[in-house]
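**Student:** Single-letter residue listing:
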Amino acid sequence: MTNDSNSALVRVRGLKFSHGPRVIYDGIDLDIPRGKVTAILGPSGSGKTTLLRLIGGQWRPSAGQIHFDGTDVHAISRSQLFELRKRMGMLFQNGALLTDLSVFENVAFPLREHTALPEALIRDLVLLKLNAVGLRGARDLYPEQLSGGMSRRVALARAVVLDPQLVMYDEPFTGQDPISMGVLMRLIRSLNDALGLTSIVVSHDVQEVMSIADQVYVIAGGKVLGVGEPDTVRHSESPWVQQFLRGEPDGPVPFHYKAAPYADDLLGAGK
Amino acid sequence: MSVISSFLQSLGRAQFFLFSLLLAVPQTLLRPRLLAQQIYSVGVLSLVIVVLSGSFVGMVLALQFYHTLQLFGSPESLGVAVALAVVREFGPVVTALLFAGRAGSALAAEIGLMKATDQLSGMEMMAVDPMRRVVAPRFLAGLISMPLLAFIFSMMAIGVAGGHAIGVSLLGVDAGSYWAGIRESLEFEDIRQAMIKSLVFGLACSWIAVYQGYHAEPTSGGVARATTNTVVISSLAVLALDFVLTALML
Ligand SMILES: Nc1ncnc2c1ncn2[C@@H]1O[C@H](COP(=O)(O)OP(=O)(O)OP(=O)(O)O)[C@@H](O)[C@H]1O
Ligand SMILES: [Mg+2]
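Chains C and B, in that order, give the protein sequences.
Take the first sequence: its letters are residues 4 to 274, numbered as in the numbering used here.
Take the second sequence: its letters are residues -8 to 241, numbered as in the numbering used here.
Looking at chain B on its own, in the form it has when it is part of the complex (with noise of 0.2 Å):
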């Protein structure tokens, strides 16, 4: 019983804290050079880690397409079934995962440290709203990095890198009908379903991150667990979150 009226407290201040986020959001736009500041840690930092996997996610999605398609008679759909995978599901859910454990997990220990040393406080008191000076940037900047990243993604996953390296140098596949097969059937509704998963996870993500460093403890066990919180909480939520928009978009 106390479990759950714990949580709907938590939620509602998590609501309360993103309304209050949402206000400061314009006047970070005023302030590019924040902004851009943390769109390269937050996002351009985590480019390695996102395209190492894509293209072994894309290695990994050939390889097994390619069995079953060629059980089927039809290796040629190669291209299509690793597009349509990548830009459906794979490319929003797992560059969100990696993002949570790379860029979440940062987040919310950097705002959690700046509380427990008092930067926080401090800002306050030189009549600097953290809010608006460090919180906001950072969960725009996520927000923002986060549909990049998916699209870098998904083009490592399906391109020469990934499953195109595979498919077609390894196990020869005709380049020709890799590529035509992808024109063909991926369509514009699916890459705007993509795009929405990825603004959603986006929100999602740093919105966690953010909240969870704002409200650490002051301590190092604080910190601690928010980052742990922040990995553990946004990952559920983009996993329950890609069930309910697939089901509502498909």
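Isolated chain C, as found in the complex (with noise of 0.2 Å):
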């Protein structure tokens, strides 16, 4: 295990996967450095929570390696993968929030798994992490009872409960309103220096999450399109990586999922 400070603490080379014929990443290298914020940023279905569950080790590549701090995360026994990912925290772009449990119990779930912390600790504990992301009122409430932004939130503590050495955001900021989007943004940027975590966040909202990134990758079709700080990516000569930056429909990248022609299929034609 190398803990030189300096490399990278995900480091992807040659990474392959495919959804059946589908391919999804068609061999790319990527470096999450320590103790900084990375933002991918990248189409909706380009692979960005394909992404984060290869990290995780969720799913296996085709080819390629993705080494987490020095491990190769996919050459590891099942309890070995198991210890890596207690130092991972990953938020869920739906939650995934335990329906049966309150609130406050879903955010205590790591701790009361992996720990043997007195009550009063977790309690304090879990208390201190939902005030950061102002729902400890909601501590109470069950998952069905809380807006998605709200469970978002919620999935957000738990997250970072444990306090890994790496937290994956997946569009954290989707469904919040202006102010909370604020808070949280101002939050993983916090989380991240105050505890030396190193960060990824997953969004759409291009502003808004390189205005707290270090670093940005821009992917699209399987590819790594710009890489860099977010000015260097803001200016970034790539027509491709402008357009998706801009928003603007017409260029290289389509908005369309492959299909045929749209006249073909109003006259039957593709059937």
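Please keep in mind that the hints were generated in silico from the structure rather than gathered at the bench.
Small disclaimer: the values here were computed from a predicted structure and weren't measured.
Keep in mind that a hint or two might mislead.
[Claimed, not checked] Derived contacts from chain B toward chain C, CB cut-off under 8 Å, selection only: (1) T108; (2) D109; (3) Q110; (4) S112; (5) G113; (6) E115; (7) M116; (8) M117; (9) A118; (10) V119; (11) D120.
[Unchecked claim] In silico EDC-like pairs for lysine to aspartate or glutamate, Cα to Cα no more than 20 Å straight-line: (12) C:K89 to C:D75; (13) C:K39 to C:D166; (14) C:K89 to B:D109; (15) C:K261 to C:D29; (16) C:K39 to C:D208; (17) C:K89 to B:D120.
Glycine included, each C-beta is placed from N, C-alpha and C at the ideal position.
These two chains come separately, so use the hints to put the complex back together.
**Tutor:** Take a look at the structure:
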């Protein structure tokens, strides 16, 4: 294990992955530097969630390696992988809260499963994290009583409750009003800096996420199209990246999922 | 051909699943609170339906047997007849069928829905093995609950709310000979065989339910199919296993 602070915490090399016949990644390289906030941008369906699941070892690449802190995530046993995951936190795109537990118990869940802390300490830790996401008062609610944005904030509190080395946020800002969005952005940044975490943020809110990120990856079509500091990427020459950042419908990026020509479909020619 | 091979494939998968399930069982025993919660929702919540069905089955058996025994002039054997039928067959089998419909379907739907809503993969990412945290406690709870439920069912069917109510209170069979007959003719061997049946049914029904839930397609249709499959496959399995066990043990 290398603990060299200059090396990347997560190192992806030659990653290939397909869902059945659909190629999602066709050999990409990524480095997630330690202690930094790395944003991953890309159109919907480009494989950002897939990438996080690959890093977490839930899915297996068809080729290439992913190293987390020097360990090949896909070359270790299941129990070693579980040990590794205790050092990762993940915020799922839909929250993935446990529906038969209250908000409090959801956030306490990793603590109860992985530590033998006394009840009083668990309570303090959970309330601390819930307070940070503004939901201390919602601790007794159940997931079905939360709005989408609230669920995601609870999931965020849960993702960081064990103080992991790496936190992966999948669309943390979706469904947040401007105020909670601002709070969450600052929270992600300050958690990262105060606790010395490494963060990966996947988001469609391009300007917002660029404003808190130290490094940005733009991925699409199974390739890395742009990488660098936010300013570098913002001024990238790539027409592709420019179209994406400005949100223009016309350009090198197709808005549509691969399909037969529309006219053919309407006329029933393509069946 | 492909039907057979896919059947064999899923049988193999189910066996492998059972194997990893059994590996997770020891850890479950170390967490009695999780297990107790599941015994409550699998077992205790099935009590009402088991108690009611037990009474009705006992009453019907008493009516039927009384009718037949009277033809042979020995209505005082009613107690034995009801008790043997209930302990040997109706107790374990009907309880298992009720269990499949009430608890098995709920288990499959619950686990399937947890899968469909990413709760299981969320657990995995939190380094918590869903097999240990979710599946094994439910499986074990089913295994433990089944013999107890069958016992309660049999008690109800034979006792004052079931066969006894009809035979003694309504049809006028002597209470003393009702119970004396049972005491004399019901052997420990009968109860042992009933226990074995119940345990086997408990294993089969719980295994089928958690397997169907865990391997459900993560969609609403998939969860619905898993629930239906659980009830259908469990019921058939119980009846087929009952035949095999009866043939082996008689
Ligand atoms: N379980 C699956 N089986 C088959 N294909 C899948 C599966 N999950 C995702 N895909 C496909 O993989 C591609 C990438 O999915 P992914 O969820 O990683 O996208 P994403 O970049 O996170 O998109 P979004 O920004 O909308 O969340 C999509 O085109 C999707 O159709
Ligand atoms: Mg996604």
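**Student:** Now, for every hint given, state plainly whether the structure supports it.
**Tutor:** Quick rundown of the hints versus the structure:
1. Satisfaction of the interface hint for B:T108 is found here, the shortest Cβ-Cβ separation to chain C being roughly 7 Å, below the 8 Å cut-off.
2. Interface hint status for B:D109: upheld, as the beta-carbon distance to the closest one in chain C is roughly 4 Å, under 8 Å.
3. With a least beta-carbon distance of about 6 Å to chain C, the hint placing B:Q110 at the interface is held under the 8 Å criterion.
4. Interface hint status for B:S112: upheld, as the beta-carbon distance to the closest one in chain C is roughly 6 Å, under 8 Å.
5. A least Cβ separation of about 3 Å between B:G113 and chain C falls short of the 8 Å threshold, and the interface hint therefore holds.
6. At about 6 Å, the closest approach between the beta carbon of B:E115 and any beta carbon in chain C falls short of 8 Å, and the interface hint on this residue holds.
7. The interface hint given for B:M116 holds, since its Cβ lies 5 Å from the closest Cβ of chain C, which is under the 8 Å cut-off.
8. Restraint check, B:M117 versus chain C: the minimum CB separation of about 5 Å is within 8 Å; hint holds.
9. Among the interface hints, the one on B:A118 holds; its C-beta lies about 4 Å from the nearest C-beta in chain C, closer than the 8 Å criterion.
10. Given hint, B:V119 at the interface with chain C, holds; its Cβ is 5 Å from that chain's nearest Cβ, closer than 8 Å.
11. The criterion of a C-beta within 8 Å of any C-beta in chain C is met by B:D120, whose closest approach is roughly 7 Å, and the hint holds.
12. A C-alpha spacing of about 16 Å is found between C:K89 and C:D75, which places the hinted pair at or below 20 Å, so the restraint holds.
13. At roughly 15 Å between alpha-carbon atoms, C:K39 and C:D166 fall within 20 Å of each other, so this suggested pair holds.
14. Straight-line distance between C-alpha atoms of C:K89 and B:D109 comes to about 18 Å, which keeps the hinted pair within the 20 Å bound.
15. Note on C:K261 and C:D29: the hinted pairing holds, with a Cα-Cα distance of about 17 Å set against a maximum of 20 Å.
16. At roughly 19 Å between alpha-carbon atoms, C:K39 and C:D208 fall within 20 Å of each other, so this suggested pair holds.
17. Restraint check for C:K89 and B:D120: satisfied, since their Cα atoms lie roughly 12 Å apart, inside the 20 Å limit.
Hint compliance for this structure: no hint is broken.
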